[in-house]
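Novice: In case you want the letters, here they are:
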Amino acid sequence: MAQSGDRSPTARLGLLDATMVGMGAMIGAGIFVLTGLAAEIAGPAAILVFALNGVVTVLTGISYAELASAIPKSGGGYVFVREVFSGPTSFLMGWMLSFAYMIAGALYALGFSSNFVEFVHLYWAGLPTGPVWHILYALTVVGLFALLNAVSTEASGGAETVVTIIKIIILLVFAGFGAFAVEGSNFEPFFAKDDSSVAILKAMGLTFIAFEGYDLIATVTEEVENPRENIPKAIFISLVATVAIYLIVVWVAIGTLGAEELGRAGETGIAEAATSFMPTIPLLGEGAALIVFGAVFSTVSALNAVVIASSRVVFAMGREDQLPNPLGQISARFGTPLAAVVVSAAVMLGSVVFLPIEQVGRVSSLFFLVSFVVVNWSVIRLRNRRPNMRRPFEMPFYPAIPILAIVLNLVLAYFLLRDDPYTLVLGLGWIAIGGLVYAALQWRGAETARAET
Amino acid sequence: MSVSGKDLRIIIAGGGEVGFRTAEFLDERGHDVVVIERDPDRCQEIADEYVATIIEGDATLPDIFRQAGPERADVLAAMSDHPLTNLAVCMIGQRMNPDLHTVMRTDAETGDAHAELVDAVIYPRRASALLAVNAILSGDVRSLEHAMGVLDIAEVRIGEDAPVVGKVLDEISLPEGSLVVSDVEGARVARADTVMKAGQRYIVAAEPDVIEEVMRLLRG
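Respectively, the protein sequence lines represent chains P and U.
Residue numbering for the first sequence follows numbering that gives the first Met the number 0, beginning at 0 and increasing consecutively.
Residue numbering for the second sequence follows numbering that gives the first Met the number 0, beginning at 0 and increasing consecutively.
So the derived list for chain U, only partly shown, Cβ under 10 Å to chain P, looks like this: (1) VAL34; (2) ALA67; (3) VAL163.
If you're looking for bench data, these hints aren't it; they were derived computationally from the structure.
Glycine included, C-beta positions come from ideal geometry on N, C-alpha and C.
Make the full structure from the sequences, and use the hints.
Specialist: Below, the structure is given as structure tokens:
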């Protein structure tokens with residue numbers, strides 16, 4: 000029968016699936032693209048950079064867990080803030096968070112093209128390279144995944160779980176072979192320069208987006224089984240496991256290649272480290288191919304995750320009338336938030352073409368830091384305003400955790416901006432555009448209301 | 000008040016059987032629900048279902064009621080067993096937000112006595128009695144509610160800006176587990192070339208998992 004429903008409803012996600020949603024977004028993006036950057040600034044202390052970033056992120060993760068367990072709505076950070084704050088604040092939160100995801104997407108797309116070129120060159124040297132080609136590959140991959148998300152509801156939890164497990168296995172293979180090639184001398188001196196603490200804080204701010212993605216778990220809450228228990232668990236497990244994997248991989252990369260060499264390699268750092276020690280594997284040829292393949296595969300799946308994340312925030316804002324209403328509608332043809340996906344992809348494509356990659360990463364980090372401040376603040380405000388609200392997961396050590404998280408996030412934001420006015424200008428510019436959009440929507444809303452009365 | 004085309008924010012005072020089921024059905028349709036319930040054990044049970052934000056306490060106390068956010072809510076449904084408690088809650092709600100649409104649960108003895116003070120009065124126990132009559136006198140015709148099990152059969156008015164407006168059923172991709180049953184105003188069985196018209200009513204059947212998505216397609 001033509002009119003009977005023919006699209007499959009979204010699958011239910013168990014604890015493993017929910018954990019993998021978070022790990023899938025966190026692993027792949029940062030680890031391949033940002034390790035080199037951290038090593039360049041902080042030297043071997045890059046390992047400390049990731050460890051400390053992990054601690055800061057876990058603090059905010061605890062706040063996310065409390066909010067997600069008490070507010071049964073999909074949509075993540077934006078939705079929680081919308082519950083607690085006035086219109087302008089929540090709008091700003093959604094505006095920054097969606098943009099942060101979009102530019103993170105641009106960053107991953109560019110990371111993809113570097114690693115993709117590397118991978119193809121292992122087998123066929125004829126693939127054209129150069130800045131223009133890199134951008135072209137990045138645009139293609141963004142377009143492809145936007146299309147995929149536009150025409151079908153996202154891949155079921157099961158598929159994402161398999162993809163993430165493959166990524167983890169590839170990284171463990173890398174770490175397993177690399178561990179034997181680690182040379183202690185590569186960690187000396189451990190701190191790069193005299194002002195090592197500044198270098199570490201700066202590198203932390205720049206690579207903060209590495210642990211971005213666990214909040215995706217909070218955006219899919221309604222699809223998770225027994226969410227009251229599984230959401231907080233999934234957030235913790237995915238964060239702790241990801242931090243552990245990062246530390247092992249960074250340790251191996253620095254120990255085999257040396258921090259300086261790693262910094263020079265940039266986005267392809269992990270791949271180059273692999274080239275130095277991976278044995279030859281039957282069928283694949285050079286063993287490093289496996290790692291480069293892992294990098295390509297991982298950046299692609301992380302890209303997919305942020306396409307979903309950014310369009311979910313845009314969709315939620317559309318439903319709350321904080322963005323034009325069509326963005327909050329699902330397409331009748333495909334059953335997907337088509338308009339929200341198209342808008343997210345358009346901003347990603349624009350960022351790939353018009354913004355330099357480092358700046359792109361910095362603005363993204365800055366916005367994540369600021370929105371995490373707001374999320375922690377929401378926890379405090381909700382505790383004050385709704386003391387009797389049920390909190391199925393109630394954090395220990397309140398209010399120390401959210402206050403500490405706010406302070407640490409602000410410190411990182413400060414060091415990120417300290418000698419980089421361009422990032423601040425870019426960030427403020429985007430916020431100013433948001434202000435205009437908000438004012439225009441308010442004005443139009445008032446007009447419509449007048450027309451109706 | 001029109002309830003088509005927008006996600007509503009609804010406060011339900013009283014999380015007993017009736018209040019909780021109401022919250023569950025509203026959540027399935029994509030609305031935001033806040034439940035105020037006094038009994039801690041009952042709060043725990045509702046929290047396990049993850050359909051609403053829960054405020055634990057007595058809804059007739061302004062300090063508790065305020066935590067449900069009445070200033071931003073669209074509808075207040077007072078659903079406890081006690082009509083006078085429900086009336087008090089509706090009065091508090093209207094005082095805190097004059098635009099709040101109030102629904103009061105009552106019983107047969109109290110009847111329509113308070114009807115002019117609230118926007119709607121409902122008698123769940125009378126409805127249950129009618130269902131019992133249906134079951135006792137089961138003949139060839141049975142009430143829809145009784146027959147349908149978990150399946151939700153609803154009459155839906157198509158929102159003005161809904162994604163499906165102006166499309167024929169054949170070009171709309173509804174989720175598996177849903178079906179448009181009847182044509183405009185229930186006059187004809189729907190077929191592939193049935194056009195979805197804004198503002199018109201259609202009978203739709205859907206399984207609980209997909210109701211929210213179906214409502215979003217049809218209402219906007």
